Amino acid sequence: MNTTPSPALLGRVAALSVVIVFLQIGVVSEVPVFGVNADLTSLLVAFIGLLGGSTLGASAGFAIGLLVDLSLLQTLGLTSLVFTLVGYWAGRLRELRDPQAALTPLLVGAGASAAALIGYSLVEFLLGVDAPVSFELLRQIVLGTLVNSIVAVPMFALVRRALSSALPEDPRRRRRRRAYTTGGLSPLSKA
Amino acid sequence: MYDKTVRRRRAVLGLLVVLSLLLLTAYFGEAPSGRLHAVQRDFLSVVSPIQDGANKALKPVRDLFGWVGDTFHAKGQRDELRRELDRLRPELAAAEAEKRTYQQLISLYHLERLGLSDYHPVAATVVGQSPNFWYSVVTIDKGTPDGVRVNDPVVNGEGLVGRVVAVESDGAQVDLITDSSMGVTARIGSSSATGLVVPKVGEPNDLLMRYLPPNTVPVKGELVVTSGTVDPPYDSLYPPGLVIGEVSSFSEESAYTSVNVRPAADLHNLDVVDVLTSGGEGRAARLTTLTTTLSAGQSQGQGSQSEQLASTGAGG
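Those protein sequences? They're chains A and B, same order as listed. The opening residue of the first sequence carries number 1 in the numbering used here; numbering runs sequentially from there. The opening residue of the second sequence carries number 192 in the numbering used here; numbering runs sequentially from there.
So that you can see chain A by itself, here it is in the shape it has in the complex (with noise of 0.2 Å):
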């Protein structure tokens, strides 16, 4: 399999990830849902590994991690790094299990959110912030956690809108396609 993305696929990439740092910072910041504010660039990291694996997950989340850092005027490399990991994992994930539930997008938000508000937290204690692991802090990761895992379907379903057509075919994916067609595996078969 060719894990060389096409400059179409980054030029996707790129240009998905302006449009949502800048939405995500300009509107989705503004607008607290239960208290905490949904946060769209870690679901992006999350759902471009997971449909165009781990090195462009980590690429990705390298590059929009520190372009959140550059807008915001935030700890150069924090965001970096912690993205760096989610997008990594996200892609490992593709590829070591190829999860193809429709629960899929939901529990990889779930677990990119709550790995990146845990990411954060572990990165800031370790920089010295002073701040006691409270109740309220573990509130804001849990809410936080539950308010991207809304929002993760979609998001997910406009990732893979976005960049469908620039992904390389998947084999496996075309197997099992083939399979579901022509009946081989098809439950319809069965009758």
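Please keep in mind that the hints were generated in silico from the structure rather than gathered at the bench. One thing to keep in mind: the hints can contain errors.
Covered by chain A, per the in silico footprint, the following chain B stretches (three or more residues, Cβ under 8 Å) [said to hold, decoys possible]:
1. 205 to 215
2. 227 to 234
Quick partial rundown of chain B residues pointing at chain A, CB under 7 Å, derived from the structure [what the hints assert, rightly or not]:
3. Val-238
4. Ala-245
5. Asn-246
6. Lys-247
7. Pro-251
8. Val-252
9. Arg-253
10. Gln-320
11. His-459
Between beta-carbon pairs, the in silico distance windows are [unchecked claim]:
12. Gly-205/B x Phe-135/A: 32 to 40 Å
13. Pro-281/B x Leu-122/A: 18 to 26 Å
14. Leu-138/A x Gly-244/B: 36 to 44 Å
15. Ser-382/B x Ala-15/A: 53 to 61 Å
16. Ala-202/B x Leu-138/A: 33 to 41 Å
Everything numeric in this text was worked out from a predicted model, so none of it was measured. From the three backbone atoms N, C-alpha and C, an ideal C-beta is built for every residue, glycine too.
Knowing the structure of chain A, use the given hints to seat chain B on it.
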């Protein structure tokens, strides 16, 4: 072929992680005037017009979501505001009396009254906000040409919002009062006891007022305002009397009293803010002049002061 793919994948991950750690270490270790900070500021000047444009284009979407949220909370807010109105009516009557006394004292000492308009407020629109609860940062659309400078206080109709931390030609970055880098000298309501209001990091909806004298007895719901301390070279950046929030609870902590403060400004729904453009150095200079005036006025008006207080009833 497989080994090559695995090696490449691992190399990319390792490279990106190392690069992130290098950036993190270099950024964390350098001064705010360092190279990486300068790159960030330059980037801000590039993206500010884009953020501004995107903010204007997407405002209807944000308003729609905001309207839905507001509708859900409207009934609860109405009941809460009614209770607050009932509570504040007697306080207003008392405040009116105190205001008259204050005005008389101002004229007695020939002092200049410092209203917010004296700090040359510049209205700015919030065009970006951090999604991460560890960072309480917003971007505004006013910059150097509008007179905005680093450390200028930022307020809105509800109270203190934060201070400017970086300025470019097309915009500026504001650290909110809930950001881990903030600390504001403040006092509780009418008491003279001052403390330091700091964020409860990781708890974006709460502030903590520390180092209050142990005999301070805060009352729940009492307002916490900026003290505007004048103590060169440690003058407060903020004008006195700006509302920061209200007391939500308090605890005795070792030798000091600690008070939990709920911010007055709704920091999640910032739309338009005012930057007090002569809030930093200009304010310090004015306050120094005021202090001098006050010292001179005290020696001259010592006799008439007691008369004035007696006539207003404040002298007991």
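Here is how each hint holds up against the structure:
no.	hint	result
1	205 to 215	holds (count 8)
2	227 to 234	holds (count 5)
3	Val-238	holds, 6 Å
4	Ala-245	holds, 5 Å
5	Asn-246	holds, 5 Å
6	Lys-247	violated, 9 Å
7	Pro-251	violated, 10 Å
8	Val-252	holds, 6 Å
9	Arg-253	holds, 5 Å
10	Gln-320	holds, 4 Å
11	His-459	holds, 4 Å
12	Gly-205/B x Phe-135/A: 32 to 40 Å	holds, 37 Å
13	Pro-281/B x Leu-122/A: 18 to 26 Å	violated, 50 Å
14	Leu-138/A x Gly-244/B: 36 to 44 Å	holds, 38 Å
15	Ser-382/B x Ala-15/A: 53 to 61 Å	holds, 56 Å
16	Ala-202/B x Leu-138/A: 33 to 41 Å	holds, 36 Å
Figure legend: structure checked against the earlier numbered hints; hints not met, in rising order: 6, 7 and 13.
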